[in-house]
Amino acid sequence: MFLTETRALRLPTPPPMHNAGNYVLSLSALTRWLGGVAEAAGVDVFPGFAASELLLNDGSGVGPLSAAAAAAAAGGKKRRGGFFGWGASGPPGGLGVRGVATADVGRAKDGSRKATFAAGTEVVGRLTLLAEGARGSLSEAAMAAFGLRDGCEPQTYALGIKEVWRLRDGADHVPGRVWHSVGYPLDGATYGGSFLYHMDDRRVALGFVTALDYANPSLSPYGEFQKWKAHPAVRPLLAGGEVLQYGARVLNEGGYQSVPRLAFPGGALIGCAAGFLNVPKIKGTHTAMKSGMLAAEAAFASLAAADGHADAAAAAADTEGAAPAAAAADGPPPPAPLSMDAYDAALRSSWVWGELKAVRNIRPGFHKGLLPGMANAALETYVTRGRAPWTLRHGRADHEATAPASAAAPLRYPKPDGHVTFDILTSVARSGTNHDHDAPAHLRLLDEHVPTGVNWARYGGPEATYCPAKVYEYVDVEADGADAAAAAAVAAAAGAAEGAAVNDHTAAPTKALVINAQNCLHCKACDVKDVTQNIKWTVPERGGPKYTMT
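Quick note, in the UniProt record's numbering, the sequence shown goes up one by one and the last residue is 550.
Check before you lean on any hint, since a few could be wrong.
Unchecked claim - Calculated cross-link-like contacts (lysine-lysine; reagent style BS3-like; alpha-carbon spacing at most 25 Å):
| # | residue 1 | residue 2 |
| --- | --- | --- |
| 1 | 470 | 368 |
| 2 | 283 | 357 |
| 3 | 227 | 290 |
| 4 | 357 | 114 |
| 5 | 283 | 546 |
| 6 | 415 | 470 |
| 7 | 470 | 109 |
| 8 | 281 | 357 |
| 9 | 227 | 283 |
| 10 | 283 | 368 |
| 11 | 227 | 415 |
| 12 | 368 | 281 |
| 13 | 368 | 227 |
Calculated directly from the structure, the hints in this document are not laboratory data.
Taking the hints into account, I'd like the entire structure generated from these sequences.
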């Protein structure tokens with residue numbers, strides 16, 4: 001469907017978007033079922049324990065904050081081979097990942113230990129596969145540490161916001177029906193669209209996807225979602241129904257051009273941690289599952305080969321009567337990390353790679369706007385059929401697309417009616433999200449003066465509009481002299497660096513950023529869209545949304 005403000009125009013369904021033979025189901029329910037299958041097969045599953053750091057076999061560790069610090073030390077510029085100064089050849093020979101560490105639990109908000117404190121646990125293995133989903137914190141750290149993104153386009157993301165409804169008796173409900181739209185309420189320069197899937201028991205899963213490379217800092221993906229639900233083509237279906245659950249999550253849209261190198265010493269990236277979403281289909285579950293299958297096969301082969309080499313070496317030593325080598329004074333060297341390079345090669349020769357390559361030019365074609373993007377999509381789908389001799393580029397990261405507040409018209413959103421459209425906090429309550437209030441904040445600011453000095457002063461505080469859970473709020477405060485001076489210095493430096501005057505939003509009283517971390521849906525939008533990349537999402541001790549139907 002192509003939506004105008006008042007009408008819905010039916011469009012031809014491109015072949016890649018046909019859903020005949022597909023299943024409409026709850027991904028959270030599927031995941032729970034698969035978890036039970038895995039446990040029945042002898043796999044240990046530890047829900048509720050968050051991995052906060054990659055453990056290297058030299059005794060060090062890498063996490064999202066250390067990667068950010070290394071990036072800052074490099075002036076924000078990536079070194080080939082990784083942020084950690086390893087050069088084009090990558091890390092020193094033999095250095096690799098040996099496992100992960102879970103986060104400490106039982107710390108108070110100020111970092112002190114409570115009576116319930118328990119230190120994080122090291123979970124080690126011969127191979128570590130990262131399946132954290134889009135913008136995974138350890139996955140991003142691995143990419144930075146090992147230079148996995150060298151030679152590929154920046155990843156680009158969208159924010160998907162979703163609700164599950166139960167429709168009223170007598171509603172036009174057809175299990176298995178699928179509906180997508182483009183156009184309204186987004187402007188012609190912003191990529192995005194809707195989905196609506198009819199499930200069983202009068203339930204529908206619906207949502208709106210907004211690409212995070214939009215320019216206007218006052219745009220609210222949540223507000224756009226509410227406007228879409230109020231459209232005459234959507235409201236009648238929802239009227240009289242009830243919302244059962246709410247959620248949000250970023251998704252990868254970079255596709256073929258943005259897939260990093262998948263293997264690193266001692267492990268690999270699988271699923272949306274790497275970014276296998278088919279953007280025209282708005283589907284990535286099938287590709288993520290296939291990547292997991294290929295990784296499992298490669299891991300088995302790597303382990304078997306290592307065991308075979310070890311057995312052969314032991315047999316040779318026994319035959320030759322060789323004495324064991326003397327240990328070094330500081331202990332034996334760490335074992336060489338196992339390779340998952342065969343997985344990278346297998347995925348790039350699989351149908352997953354072919355599917356992504358065939359649609360590689362569709363998403364970047366929309367950088368020129370909705371209508372040129374639709375024309376390019378038609379060309380790629382019906383004429384070149386994915387075999388064009390060119391590959392379009394994304395060119396920049398999403399946060400770099402944000403325009404100053406002075407260069408964009410402020411957007412206003414209608415007041416929610418409480419029946420079909422809702423305020424954010426009402427929606428957040430439906431997600432079941434919960435975090436310990438007396439725990440260290442998992443949303444970290446690298447510089448506490450940047451939000452006021454740059455994000456508010458120049459961009460009008462976009463954190464308050466892109467977050468779908470009202471985690472970030474700018475409030476009026478009377479800043480003391482030191483804070484005001486620091487914020488002003490940061491703002492002046494930012495303006496000088498960009499060669500532009502800072503837009504003045506800071507007339508007294510000044511603003512301060514309040515972070516309501518307990519509302520967080522773990523969507524990762526802030527980690528992606530923060531215009532200064534000053535916000536770093538790290539794993540909380542525990543907590544988060546409790547999705548059962550989404």
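Okay, the hints, checked on the actual structure:
For the suggested pair residue 470 and residue 368, the alpha carbons sit about 31 Å apart, so the restraint of at most 25 Å is broken. For a cut-off of 25 Å, the pair hint linking residue 283 to residue 357 stands: about 15 Å separates their Cα positions. Of the supplied pair hints, the one linking residue 227 and residue 290 is violated, its CA atoms being roughly 36 Å apart against a limit of 25 Å. Among the hinted pairs, residue 357 with residue 114 is inconsistent with the structure: their alpha-carbon atoms are about 52 Å apart, more than 25 Å.
Our distance criterion of 25 Å between C-alpha atoms is met by residue 283 and residue 546, whose separation comes to about 22 Å. Restraint check for residue 415 and residue 470: satisfied, since their Cα atoms lie roughly 16 Å apart, inside the 25 Å limit. Restraint check for residue 470 and residue 109: satisfied, since their Cα atoms lie roughly 20 Å apart, inside the 25 Å limit. Between residue 281 and residue 357 the CA atoms are separated by roughly 14 Å; this keeps the pair inside 25 Å, and the hint holds.
Pair hint residue 227 plus residue 283 holds up; C-alpha atoms about 24 Å apart against a cutoff of 25 Å. Between the alpha carbons of residue 283 and residue 368 the distance comes to roughly 23 Å, so the proposed pair stays at or under 25 Å and holds. With a CA separation close to 10 Å, the supplied pair residue 227 and residue 415 stays within the 25 Å bound. A C-alpha spacing of about 20 Å is found between residue 368 and residue 281, which places the hinted pair at or below 25 Å, so the restraint holds.
The hinted pair formed by residue 368 and residue 227 meets the criterion: a straight-line CA distance of about 24 Å does not exceed 25 Å.
Going down the numbered hints, you'll see the structure goes against 1, 3 and 4, while the others check out.
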